[in-house]
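Dock chain one against chain two, each of which comes alone in its own frame, and use the hints as you go.
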Amino acid sequence: MTAGVDGGIGTLVRRELQLVWAERSGGAIALIFFVIVASLFPFAVGPEPQVLARIAAGIVWVSALLACLLSLERLFQPDAEDGTLEQLVVSGQSLEAVAIAKMITHWLTTALPLVLLTPVTAAMLGAPFEVWGTLLLGLLLGTPALSSIGAVAAALTVGVRRGGVLISLLVLPLAVPTLIFGVGVADPLAGGSALKWLGVTTLLALAVGPFAAAAGLRVAME
Amino acid sequence: MVASDPILLRAEDVACRRGGRTVFTGVSLTVRPGAALLVTGPNGVGKSSLLKLLAGTLRAEAGTIQRPERVAYLGHDNALKPMLTVSENLLFWAGLAAPSRAEAEERLRAAVRAVGILPLWDVPARLLSSGQKRRTALARVLASGAQLWLLDEPTVGLDVASVERLGPVFAEHRAQGGMIVATSHTPLPLETVETLMLGAAAQGARP
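Order-wise, the sequence lines are chains L and H.
Here this note's numbering is used: the first sequence runs in plain steps of one and ends on residue 220.
Here this note's numbering is used: the second sequence runs in plain steps of one and ends on residue 1037.
Treat the hints with care, since some could be wrong.
As the list claims (entries may be wrong) - Covered stretches of chain H (chain L as the covering partner; in silico rule of three or more C-beta atoms under 8 Å from a C-beta of chain L):
(1) 874 to 887
(2) 896 to 904
(3) 909 to 921
(4) 928 to 937
Keep in mind that the hints were calculated from the coordinates and are not lab data.
In this text, a Cβ means the ideal position worked out from N, Cα and C, and glycines have one as well.
Next comes chain H alone, as it looks inside the complex (with noise of 0.2 Å):
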């Protein structure tokens, strides 16, 4: 979490195959500490992919992928379980990623606070909005104390007020060394943030 650290986040002519179709071929990328990188490209053309495969749930069919220790992935899928109120299912996360149970608690009141969902605290993930889910899903990612945040689509359900929250949400990960690589339709709060256009006519682009 210190910037002088060598630890990057770094692709090099990355393939993605999946259900035997080649989704992209040849994508390289470099995140340095403390940088952000949008990745832009019309639907389909594999920017949850080259997430998915930075995240390392997905296998890459050829090129080699360094990546920090330890990463937060933010997917399309918000990884709530409806029956267990947002602590519940948060304080699960939480405890898988920091070195104590004082520090998980404590990272998780910062990062519920953050995203504006401290008075969700008992409420049941089955009664939350969309966007309610989303900031749930957005304080794991807080709360992971991870150096590598990927954000898939991070904003989508989000109103205008909660967008803006993660402005200084994002300065502060960034100002710590800490890395976010996103993908978006909507314009993030994100300030010189560099952009790796996926697609035909962009394919091995490099930011």
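Just chain L, with the same shape it has in the complex (with noise of 0.2 Å):
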């Protein structure tokens, strides 16, 4: 559609990108609260290293997905306000390219930092060193899910007051299925067929999303 020597989701990404950074709105907070949710388990559970070590791969999964929740009512509401959503249709730009370099995005600047601090909230919880390759493998393969997800519920929910509590929970329920077989990636027991459904989920949810997003965006632009 576009005409220009810029266009696609890569323009998008880009352009994105530029903005997290000069906004300083990437995933540093997202990081801190990770680390905050991960460590208020000891003290909920008690400082028992077996019981620690078992449900480590659990902990840090759950910490990941509420980290994740924090940034998305800011993914469209901008946006969605400045008029750049318009601006964006005009140039051109289909909003599911638009709804796909969002979720691009978000997982770059959340997600995949939140993946490589693993390793320190895993070592924290004292979890085997065993599972710390599979919890990776798991995190990596699902968080795009997450991103997916979270992206259609911040869609839905733009030009909504107060949207991010709304946001949490549209996405908590829906990204069930990815926790469940995520964590499974970690299970030694489990892990083989856990990455296959885990890998259904997420092709699953990349392959909805960006047309759910899109819905969700043209409704909020009427």
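Structural data, given as structure tokens:
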């Protein structure tokens, strides 16, 4: 559609990263939140190393899921408010491409830093060294689904006041399959089949997400 | 962009419905290359909605709209990112519209000079006054290279000198076969402009 030298998802992602950098709105807060939530569990369930080591993968996953929610409210809201979304449409960019660019940016700036910080959290919880690899693998494969589901929820709640709470209510139930299979990957007994199912849920989320998010944005622009 | 091009803007019997409320029905208009149309009417009559329909960001409830391939739209919001500089803001949009990067920069330099914001090139948008923001948004329209400019209250916040600057800009755009559709509550420096009056008494008025 676009007649310009730039255009398409690559240009949009570059622009989003430029904005994240300029606004310092990256994943630092999500990272701190991730570590704090994960460190709450030893206080709640007690410091026994065996117990913590057994539930470490679950703790990491729940903490990552919650941390991923933080930046979602501002994913589309500023663009909808300042007219950027309209200008993108007039410039011939499809809302699907806009949604995909937002998902990629969310994953790169929020989810990926969490994944990279996981060894620290895992060590803090005393997770056995053998599960670090599978835990990371599961997070790498599962977090794109969280970014996709999150973008859909963010698009559906554009224009809703205090939409952040609503986003959480939408995302958390939809993220349950990812959570189950993601934690399953780190389970030495169930690892193989869980990995396949995690792949399936992520593919499904990535296939449906852009269209659902674009539909939400279309409604918001009415 | 050639005057003999048959590309024009035409809306036939267009109706607009927003939030379950019919804003207007039966609006028709034609704008030929080189022409300008001023949409007038009291507040809330649907001037901005009509421009959004013409821009393609709103869907018409009924009727057909035929528009040139490349359209530039200036809405109420300036679509500026406060933390980016004027040039960073504008280069993104120019790149989406221009066939090459050199062309994008050249168009942009000309546009920025035309609206008089060249000294603000490296200033973050958050430090601009509202009039400067409006001129920056106008520069985006100028640099788009689009045949059709849709301008919703383009002079909001502009001082007298800045409004006068737009006169030659509009005239040059039209001389090259460009079209302008604008809404405004203040006089615009547009010569030989047709008027479309929106409102109960004038529904379906043809220019």
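Hints, verified against the model:
{"no.": "1", "hint": "874 to 887", "verdict": "holds (count 4)"}
{"no.": "2", "hint": "896 to 904", "verdict": "holds (count 5)"}
{"no.": "3", "hint": "909 to 921", "verdict": "holds (count 6)"}
{"no.": "4", "hint": "928 to 937", "verdict": "holds (count 6)"}
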